[in-house]
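I would like the entire structure built from these sequences, with the hints used as guidance.
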Amino acid sequence: MLSKRREKCLKAIKDKGLDGVLYALGPNFQYLSESHACLWQRNAMNSWAKISGASIMPEALVYVNTKGDSTVLTIPKHKDSINTLMNEVVVSYYDQFEDELTHIIDGKKIGIGRDCDTWMKEILKTVDPEIETVDAETLLEDIRRIKDEEEIFRMRKLAKFTDDAVMYVCKHLKPGMSMFEAERMIVDYGLKHGMQDLSFSPTCGFKTRNTENAQAIEPFENERKLVEGTMIAYDIGYMDQGYCSDWGRTVYYGKAPELVKNGYKALQESQCYMVSKIKPGVTRFGDLYGYICDKAEELGYYQYLRFKREEEGGNGHHIGTEVHEMPFLKNTSDLIIEPGMIFCSEPKMFFKNEGYMRVEDMILVTEDGAEFLTNFPRDLFEIDFSKNL
Numbered sequence: 338m339l340s341k342r343r344e345k346c347l348k349a350i351k352d353k354g355l356d357g358v359l360y361a362l363g364p365n366f367q368y369l370s371e372s373h374a375c376l377w378q379r380n381a382m383n384s385w386a387k388i389s390g391a392s393i394m395p396e397a398l399v400y401v402n403t404k405g406d407s408t409v410l411t412i413p414k415h416k417d418s419i420n421t422l423m424n425e426v427v428v429s430y431y432d433q434f435e436d437e438l439t440h441i442i443d444g445k446k447i448g449i450g451r452d453c454d455t456w457m458k459e460i461l462k463t464v465d466p467e468i469e470t471v472d473a474e475t476l477l478e479d480i481r482r483i484k485d486e487e488e489i490f491r492m493r494k495l496a497k498f499t500d501d502a503v504m505y506v507c508k509h510l511k512p513g514m515s516m517f518e519a520e521r522m523i524v525d526y527g528l529k530h531g532m533q534d535l536s537f538s539p540t541c542g543f544k545t546r547n548t549e550n551a552q553a554i555e556p557f558e559n560e561r562k563l564v565e566g567t568m569i570a571y572d573i574g575y576m577d578q579g580y581c582s583d584w585g586r587t588v589y590y591g592k593a594p595e596l597v598k599n600g601y602k603a604l605q606e607s608q609c610y611m612v613s614k615i616k617p618g619v620t621r622f623g624d625l626y627g628y629i630c631d632k633a634e635e636l637g638y639y640q641y642l643r644f645k646r647e648e649e650g651g652n653g654h655h656i657g658t659e660v661h662e663m664p665f666l667k668n669t670s671d672l673i674i675e676p677g678m679i680f681c682s683e684p685k686m687f688f689k690n691e692g693y694m695r696v697e698d699m700i701l702v703t704e705d706g707a708e709f710l711t712n713f714p715r716d717l718f719e720i721d722f723s724k725n726l
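The opening residue of the sequence shown carries number 338 in this note's numbering; numbering runs sequentially from there.
Misleading hints may appear alongside valid ones.
Unchecked claim - In the BS3-like style, the derived pairs of lysine-lysine whose C-alpha atoms are separated by at most 25 Å in a straight line are:
1) K341 with K494
2) K345 with K446
3) K511 with K592
4) K602 with K592
5) K351 with K458
6) K592 with K562
To be verified - Distance ranges between label pairs, derived from CB positions:
7) E487 with N547: 48 to 54 Å
8) T455 with Y505: 38 to 44 Å
9) D465 with R643: 39 to 45 Å
10) L717 with D432: 28 to 34 Å
By construction, these hints were calculated from the structure, which means they are not laboratory data. By construction, the Cβ of each residue, glycine as well, lies at the ideal position given by its N, Cα and C atoms.
As structure tokens, then:
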């Protein structure tokens, strides 16, 4: 019996007029095979391949035909990570993949993803010269956009873990430690608790007031030391069981100037106001940042927002099997918000000579509104540098 997820994917395959789809290890592989323990190859490898012209071989492939049959072809190291209830598993070696695919592929028009696509195009031509390959990287986007109960459970758990990780860092900040050392605590916390990976390189961005470092948002200085009067802008994400977190907050090491302290309060209030305005089936993605701007303006802090209403861009992105999933929260987007969506909203402020602050939350759209999956204390800002929390 097909899962609801597989049924939706199968409909998308048929609607596209394909005989099947073939995905290498990547977010579509993880989603379609429902093999959450399998750590997929990162897109950076495949982006490099496109630039260099290299043909990267995949460590595993999933093939699904129009009957809903799913076969995973994998090298030995991944065999215990594949969901055997949802897939037939064929274990082999790289050099045998071509012959194995000859017995797996049963169609002439095959959709493929962009991960390892050069290799897949080449190998499918050797499997059958009449095979036509079609770009199917975005085929599952609309389906992946709406999370099912299992996905929501996994992402809620991961959001809580990220909250806890940064609280651990806040409790262990020490005068004189470097920005790198703070970021290393994020890495070590994930390793200690069994996280599969990071969603991206973590940032504990130090900006110390009235220094050259605080004249601009970037760059951050990896070896800058923590001293009183330093604002720390966190941007953290972990990856586990096939899903990602993305999280942001700011703390101030010492006693903050009132302008900055109230600015952070305004940024948090603006974020919460935006979430309170969400009406599933009515609210557009293009409306969200406007709500944040409205509240920041009401509180007298609009001028400090990093991005203004009229600027092209957005305020965040969807998240799931990838940390930055489509669609992005662009100001021009007419896409209607629906229950089951999980997105990240990340408003920012900059105070020249003082520092840079950000708030980023993972937000779940419910049947009648929205809720925060990230619940790090919103009133935690100043940290007493003379003692731990």
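Hint check:
1. K341 with K494: Judged against 25 Å, a Cα distance of about 22 Å means the pair holds.
2. K345 with K446: holds, 19 Å
3. K511 with K592: Within the cut-off at roughly 15 Å; holds.
4. K602 with K592: holds, 15 Å
5. K351 with K458: Given that 25 Å is the threshold and the Cα spacing comes to 21 Å, the pair holds.
6. K592 with K562: holds, 17 Å
7. E487 with N547: 48 to 54 Å: holds, 50 Å
8. T455 with Y505: 38 to 44 Å: About 42 Å separates the Cβ atoms of T455 and Y505, which means 38 to 44 Å holds.
9. D465 with R643: 39 to 45 Å: 52 Å Cβ-Cβ, so the 39 to 45 Å window is violated.
10. L717 with D432: 28 to 34 Å: violated, 55 Å
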